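Let's have the full structure, built from the sequences with the hints guiding it.
Residue numbers (the numbering used here), protein chains in the order written: chain R, 73 to 367; chain X, 910 to 1077; chain A, 13 to 781.
Rather than coming from a laboratory, the hints here were simulated on the basis of the structure. Note that the structure is a prediction, hence the values are computed from the model and not measured. Glycine included, C-beta positions come from ideal geometry on N, C-alpha and C. Any given hint could be a false lead.
To be verified - Derived SDA-like pairs: lysine to any residue, alpha-carbon spacing no greater than 25 Å straight-line:
1) R:Lys154 x R:Glu136
2) R:Lys119 x A:Ser64
3) R:Lys115 x A:Asp119
To be verified - Label pairs and their in silico Cβ distance ranges:
4) X:Gln1003 x A:Arg177: 52 to 60 Å
5) R:Pro219 x A:Asp26: 28 to 36 Å
6) A:Lys443 x R:Asp280: 23 to 31 Å
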Amino acid sequence: MYDIKALYEAESVTHAVQLLLEHPEAQIIAGGSDVLVQMREGKRAGKELVSIYGLDEIRGVSLEEDGTIRIGSLTSFSHITKDPIIQAHINVLGQAVDQVGGPQIRNIGTIGGNTCNGVTSADSASTLFAWDAIIEITGPEGVRRIPIQDFYIKAGQVDLRPGELQTGILIPKASYEGYDGHYIKYAMRNAMDIATTGCSVNVKLSADKSTMEDVRIAYGVAGPIPMRAVTAEAYAKGKPTTQAEIKAFAHTVLEDINPRDSWRAAKDFRQHIAVVLAERALKESIRLAGGVIHE
Amino acid sequence: MSNQYKLVRCIINGKQVEKMIDVRASLTDMLRDDYRLTSVKKGCEVGECGACNVLVNGECFNSCIYLAVWADGKEILTLEGLAGPNGEISDIQQAFIDEAAVQCGFCTPGFVMSAAEILESGKEYSDDEIRKLMSGHLCRCTGYENIFRAVKKTMLRRLGKNAEADAV
Amino acid sequence: MYVGKKVTRVDAYDKAIGRTKYTDDLCDKSAYIAQVLHATIANGRVKSIDTSAAEAIPGVIKVFTCFDLKEKHYFPTAGHPWSTDESHQDVADRLVLTDRVRFYGDDIGAVVAENEVAAAQAIRAIKVEYEEYPFVLDVHEAMKDGAPQLHEAYPNNILKHTTIRKGNYEEAIKEPGLIKVEGWYQTPTVQHCHIENFICFAEMIGDRIKVVTSTQIPHIVRRVVGQALGVEWGKIQIIKPYIGGGFGNKQDVLYEPLCAWLCMQLGGHLVKLDIPREDTFVSNRVRHAIHSHIVSWVRPDGTYAARKLEAFSDQGAYASHGHSICAKGAGAFPQLYPCDNVEVDAYTVFTNKSVAGAMRGYGIPQAMWAVECHTEEVAARLGMDPIEFRRKNLMPVGYMDPFSKNELYSDTFNQCIDKGMEVTDYLRKYKAYQNQTGDIRRGIGMAVFWYNTAVWPISLETSSCRMVLNQDGSLQVQLGETEIGQGADTAYTQMTADVVGVPLDKVHVVSCQDTDVTPFGTGAYASRQTYTAGFAIRQTGMLLKERILKYAHELTRMPPYNLDIVDGNIVRITDGRVLMTLGELATEALYSLTHSQHITAESTSQIKSNAYSFGCTFAEVEVDIPMCKVKLLDLVNVHDAGTIINPALAEAQVHGGMSMGIGFGLSEKLLFDDKTGRALNNNLLDYKLSTFMDHPRLRAFFVENPEPTSSFGTKALGEPPTCSVAPAIRNAVYQATGVFVNDAPVNPHILFRRFEEEGLIEKEGSDHV
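What follows is the structure in structure tokens.
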């Protein structure tokens, strides 16, 4: 039994906005795999909840006319992984969220909840950062769309104003066309874990597959919120797919990332792993893009 | 406001039921307390151990972190509902018995329900895939070995591969 | 004959269909819900507790604090048999609630409410004022003069220091040409993590109090609840239903006394105390972290001249099982690899941390970590093959411990090692994995273990059994020895069927222990039950059989010595003729108008023997050096547990022990905050139990040398499987990488440090290009 002050069940997105405005103290609950756990811990005990779990209108993956991939915020991790659109265009996202917790968590956990928590370890977040995802937010003023980097304000805080909820995540065609990517979750065990560090890389190769035209790399748990390693990205652009350049790229991420020392892992250990992951994720991305790594 | 109730209508183990449920209740609370389905176990109440796992519309959920009111309109299956109408137990339950995959038995209901979902797909999974699909459960007695055998053997037998099953 | 056969568990069907009832399933919904208020300082005293806000919360029945304890009955908690000799009694240092706080999580109050939400709200609303003292988390710091003292009676926080001296160490090390090998070995604080948390409920019936509890030791709980409440023991009734694992945590009296006390304060109303997972980590029991220092003086030919062990065991805040754990490990040291000159010093030391108690292996996993890590290093220093070095030094056949009179009757170690080498293709792999280079490397390693069964002669060993013949010729069997998931009830069923001579399905072992009716037995611990209950079952079964045959003589006129019970029939031995069924006899015996008799038997066996139970683990690993990760490729345990009663259940039991060893060796560690003493990772997300995906296929093998002292040829198998796994994995990592890791668990954090130190990975800041 949870210490819920009151529960309001939204019947539509519009209704959800109305409920949130009527109950400004209320917390949104989507799948609940984080909210309910925090409530039990006492952190959110005694709070009102607006449940949006029943809103099928923001559940599911679709391809819009201009080729944008739309992921409804309530889509569960397991449904993202199994979705044919995701598999065809941005399979790495399906693979990333297939590493969240365990199977039951992947059935209840939603991509919207994963990003709205504002936590750096979210398995979906680094891949969404690395693919320049756009966050769609619906509120009393209507719909607004912002880049995912702007959605994250600080640890645990995202850009949701009173009466607003996240309704979709969009990947524009230009962000995915021609790119292949790979995500590596580094955790202490192979299931039921949170990332010690997560690294998502994607690459666009030249027509002859020998040059990296564009490389994007994002991390979870390399700073207070998910982040891109922009110096490393700039370094890799236009470089040949050689062992030496890949290593140099990987080493460059240290100029971008800022992991912290905690009981979960030491800073220098996280830095070391970040470099290893950058190298391995880029190599795999190149391989997926049909490239070859030259000595 | 601690007295908020809602009528929850759902199908539990094949039977249409309805009850006024405290909105603060988890699905575990509802199944254990209101329907006395005590195979649904509490091991952590935060979705980490898998002991409370049940099927909702054919998919596995940790009922401890699933609000009972969300069950409205859904079809719920617990271990009690896995046996046939005359109490004949399913092949996966029999496999757990035959393979000595049951020890203290506390995690067993959750594991069997995950296995039930996997087997329902009719697919043949690799060993690594089986491990991943069953990885939402913790067990401290078995080292997962005999649970793995029970699931794999049942999968192979359902696919008509009896000789391979015997060799697991 | 059923002993030795793969009989299906007697409780498997009910467990597989979900109708087995555990403690919570049995509790009436009218129960009040209790929750414990835990201290949020590591050392100090509670000055005051303001309960007014908590008591105002709707649904709260009453808030209790440590100041409500009118009579202070200090009680011990260890699940040991009581000793009538005061000097052998466990340390009585607990109160149901305490104002003297000794660890972050100590029990200072409790809330009783109508429901869990009100109880949780009340706990959060209580305001506590403390007088804080400095605290100490490290055993070595705790032993220093001037360190914060936990218990007045134990200067320098030393609960106990014991020594073993053999030969003359100081003289022996003067022998010329000796090679000195020295190391420090650390094991982590780990928790049992049975999936059912501790739970109990209590109510009064008349002037007696009934507690239904998830315990391994119902009869011991009865005694301790009596001691803790100051109530006559006969007024306490403890009921133990099926439990969701115990592994030693529930071989301690945990919260039964508090629950019973709360119930009594509320006029005997039903009170349930369901301990959440987070508290299970902190405020139940943990495994003692032990820091061991070993010095070996070895001759170039691979023989030991002298050896020394110093072990420092972290007891946490209260005595619980105390020094018994460290002492057991220390006792193994001079025996496993006998040497003429040995010095052992074992210390158990209080710190301001969670209380350490019994956990599967009882000091031996810690001792084997130290000894088998060290043995590998000695062999490496000598340039000897690690297995050949072990064979040369292991306890020889015929060895007898003068204290316990345990004897190694068979060539167990060599047989187990041979089997392990054969099934892992050890020699080929060991050779193939020598001198690897590259990022990903493989290794194979092994470790042996020492274990002994039960607790005689350190403590009492006793088991009582009752058998009752039903009208249909079936039997009810009752024992104080408990089913905790290991399959005890099934083993008892097999044994009884064989001794009495009835089909398996005619034996009904009463699984539930109720101290009002269950014969006295001390419960599940020390891997004792199959061994000790075996004596009581054989003795009682023979007694029952004698009574049955005596009655059969009345009915058949045949002399008892010409009769036997075979497969549930009274058989005339001389011609094999079935004279009547046991059911016919039992019905006649009960309803006879001339001689009505309820045929039963009950007897106690005191066991004054004990048995070694040895074996080994072989592990094969793949180490990803840049990722600092170990992947288990193969894990094999080989045991000589004497005659195996049920091969399927024995194998399953070994798997579980191996699994616990995997966690101990690779991932599990309960962490405490240096600044506050608070546990940091007391949940199943942050405490890294090894998951399904982290396990390889587990393989268990047995070498069966029937134990001569045993009533069924069997001996310990409950705990031994977890004793040698961690060092075997560690030794495999050594073969793969050439790096010794002396601190368990061998997780990525420690591998990162060690690989950096040994130059296998580049230091941060160095040029990667």
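Which numbered hints are broken by the structure, listed smallest first? Per hint list: 5, 6 violated.
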